[in-house]
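Those protein sequence lines, which keep their order, are chains A and B. Sequential numbering of the first sequence, starting at 1, is according to full-length UniProt numbering. Sequential numbering of the second sequence, starting at 1, is according to full-length UniProt numbering.
Hint data in this document are derived by calculation from the structure and do not stem from the laboratory. Since the structure is predicted, the reported quantities are computational estimates derived from the model, not experimental observations. Treat the hints with care, as some may be off.
Note: identical chains are not told apart, hence a pair may lie in one copy or across any two.
What the hints assert, rightly or not - Mimicking DSBU-like on lysine-lysine, the simulated pairs with C-alpha atoms at most 30 Å apart in a straight line are:
{"id": "1", "residue 1": "K54", "residue 2": "K112"}
{"id": "2", "residue 1": "K112", "residue 2": "K129"}
{"id": "3", "residue 1": "K132", "residue 2": "K118"}
{"id": "4", "residue 1": "K132", "residue 2": "K112"}
{"id": "5", "residue 1": "K69", "residue 2": "K48"}
{"id": "6", "residue 1": "K129", "residue 2": "K48"}
{"id": "7", "residue 1": "K118", "residue 2": "K69"}
{"id": "8", "residue 1": "K62", "residue 2": "K112"}
{"id": "9", "residue 1": "K117", "residue 2": "K69"}
{"id": "10", "residue 1": "K36", "residue 2": "K129"}
{"id": "11", "residue 1": "K132", "residue 2": "K117"}
{"id": "12", "residue 1": "K54", "residue 2": "K97"}
{"id": "13", "residue 1": "K69", "residue 2": "K36"}
Number of protein chains: 2
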Amino acid sequence: MEEKCEGDNKVDDVMLPGFRFHPTDEELVAFYLRRKIQGRALPIELIKQVDIYKYDPWDLPKFATTGEKEWYFYCPRDRKYRNSARPNRVTGAGFWKATGTDRPIYSSEGTKCIGLKKSLVFYRGRAAKGIKTDWMMHEFRLPSIPADSNPPNKKFLDRTIPPNVLLL
Amino acid sequence: MEEKCEGDNKVDDVMLPGFRFHPTDEELVAFYLRRKIQGRALPIELIKQVDIYKYDPWDLPKFATTGEKEWYFYCPRDRKYRNSARPNRVTGAGFWKATGTDRPIYSSEGTKCIGLKKSLVFYRGRAAKGIKTDWMMHEFRLPSIPADSNPPNKKFLDRTIPPNVLLL
Chain A
1 MEEKCEGDNK VDDVMLPGFR FHPTDEELVA FYLRRKIQGR ALPIELIKQV
51 DIYKYDPWDL PKFATTGEKE WYFYCPRDRK YRNSARPNRV TGAGFWKATG
101 TDRPIYSSEG TKCIGLKKSL VFYRGRAAKG IKTDWMMHEF RLPSIPADSN
151 PPNKKFLDRT IPPNVLLL
Chain B
1 MEEKCEGDNK VDDVMLPGFR FHPTDEELVA FYLRRKIQGR ALPIELIKQV
51 DIYKYDPWDL PKFATTGEKE WYFYCPRDRK YRNSARPNRV TGAGFWKATG
101 TDRPIYSSEG TKCIGLKKSL VFYRGRAAKG IKTDWMMHEF RLPSIPADSN
151 PPNKKFLDRT IPPNVLLL
C-alpha cells in the first residue's frame with residue numbers, strides 16, 4: 001500500500017520548542033511567594049530556597065530547578081541588615097546594588113498593589129570601587145502582611161530572581 | 001481508616017501557573033521562522049500569518065493563537081516598499097518606526113549569525129507629527145538564504161512579534 005502523499009503541507013510530528021516557566025510578576029507574588037509565606041507546599045519544588053548572598057551570581061544557576069537565562073529562588077530576608085550600617089547584599093566577589101526605586105505590582109483584576117519589585121545589578125569588588133557586570137536580579141516581596149491573614153509562617157521572605165544575563 | 005495527616009507540609013494538588021509559550025530569539029528564527037519559509041507545517045498552528053500593517057496594534061491580539069502581553073505572527077515581506085519613497089509600515093491610525101539598529105541573533109552553539117532582530121515602536125498619527133505609544137514589536141528575519149538550501153517556498157517572510165504592551 002502506498003503512503004499517502006501530503007506534498008508540501010505534510011505535518012511533521014515534532015516537539016514545539018519555546019514552552020517554559022516564565023511567570024508574570026503577578027503569578028510570582030500572588031501565587032508562588034504568597035504560598036511560600038503561608039507555608040503551603042507545592043507538588044513540585046519549582047523554586048528552591050537559597051541564601052543567595054552566600055554565592056556569587058554565576059554560582060547560583062546550578063541550584064535552580066528550572067531556567068536557562070533566568071533562575072528563580074526564594075531567599076529569606078535577613079533582619080540584621082535592617083538597622084545596620086554594614087553594607088547589605090554583599091557576596092564573596094562583589095555586591096548587589098539596587099537600580100531605581102521599588103515598583104508596585106498591581107493585580108490584573110484591579111488597582112490593588114499586590115507586591116513590590118526591586119531591580120538590582122551585580123558589581124564586582126567592593127562599594128565605590130565596584131565594577132558593574134551584566135548580572136541582574138529582580139527581587140519581589142509582598143507589600144505588607146494584613147492583620148487578618150494570620151500566616152502560619154511569620155518569616156518574611158523575598159522572592160528573588162537572580163541572576164539574569166542581559167543580552168547586550 | 002484515618003487519613004494520614006501531613007501537617008503544614010500537606011501538598012495541594014494545584015495547577016502551577018507560569019508555564020507559557022515564551023520562545024528565545026534563537027527558537028524563533030532557527031525553528032519557527034525557518035520552518036515557515038521552508039513550507040514545513042507544524043501539528044499546531046501556534047503562530048498565525050497576518051498582514052499586520054492592515055491593522056492597528058490593539059486589533060492584533062484577537063488574531064493570535066497564544067499570548068497575554070506578547071503575541072506572535074508571521075507577516076509576509078512586502079517588496080513594493082523596498083525601492084519606494086512611500087512611508088513603510090503604515091496602519092490605519094499610525095505607523096511603526098524602527099528604534100535602533102538591527103541586532104544579530106547568534107546560535108547558542110557558536111558565533112554564527114542565524115537571524116536579525118529589529119525593534120519598532122508604534123506612533124499614532126502621521127510621520128513627523130506622530131505621538132509615541134507603548135506598543136512595541138520585534139521583527140525577526142533570516143539574514144539571507146544560502147544558495148545550497150533551495151527552500152521550497154521562495155517567498156521571504158518576516159517573523160513579526162507585535163505588539164507588546166510595555167510595563168511602565
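Hint check:
1. K54 to K112: neither (34 Å within a copy, 36 Å between copies)
2. K112 to K129: For K112 and K129, neither the intra-copy (40 Å) nor the inter-copy (36 Å) Cα distance is at most 30 Å.
3. K132 to K118: both (17 Å within a copy, 27 Å between copies)
4. K132 to K112: between (35 Å within a copy, 28 Å between copies)
5. K69 to K48: both (16 Å within a copy, 27 Å between copies)
6. K129 to K48: neither (32 Å within a copy, 51 Å between copies)
7. K118 to K69: both (19 Å within a copy, 21 Å between copies)
8. K62 to K112: between (36 Å within a copy, 27 Å between copies)
9. K117 to K69: both (19 Å within a copy, 19 Å between copies)
10. K36 to K129: So K36 and K129 fail the 30 Å test inside a copy (37 Å) and across (50 Å) alike.
11. K132 to K117: both (21 Å within a copy, 26 Å between copies)
12. K54 to K97: Classified as within; 16 Å inside a copy, 45 Å across copies.
13. K69 to K36: both (23 Å within a copy, 26 Å between copies)
Hints 1, 2, 6, 10 from the list above are not met by this structure, while the remaining hints are.
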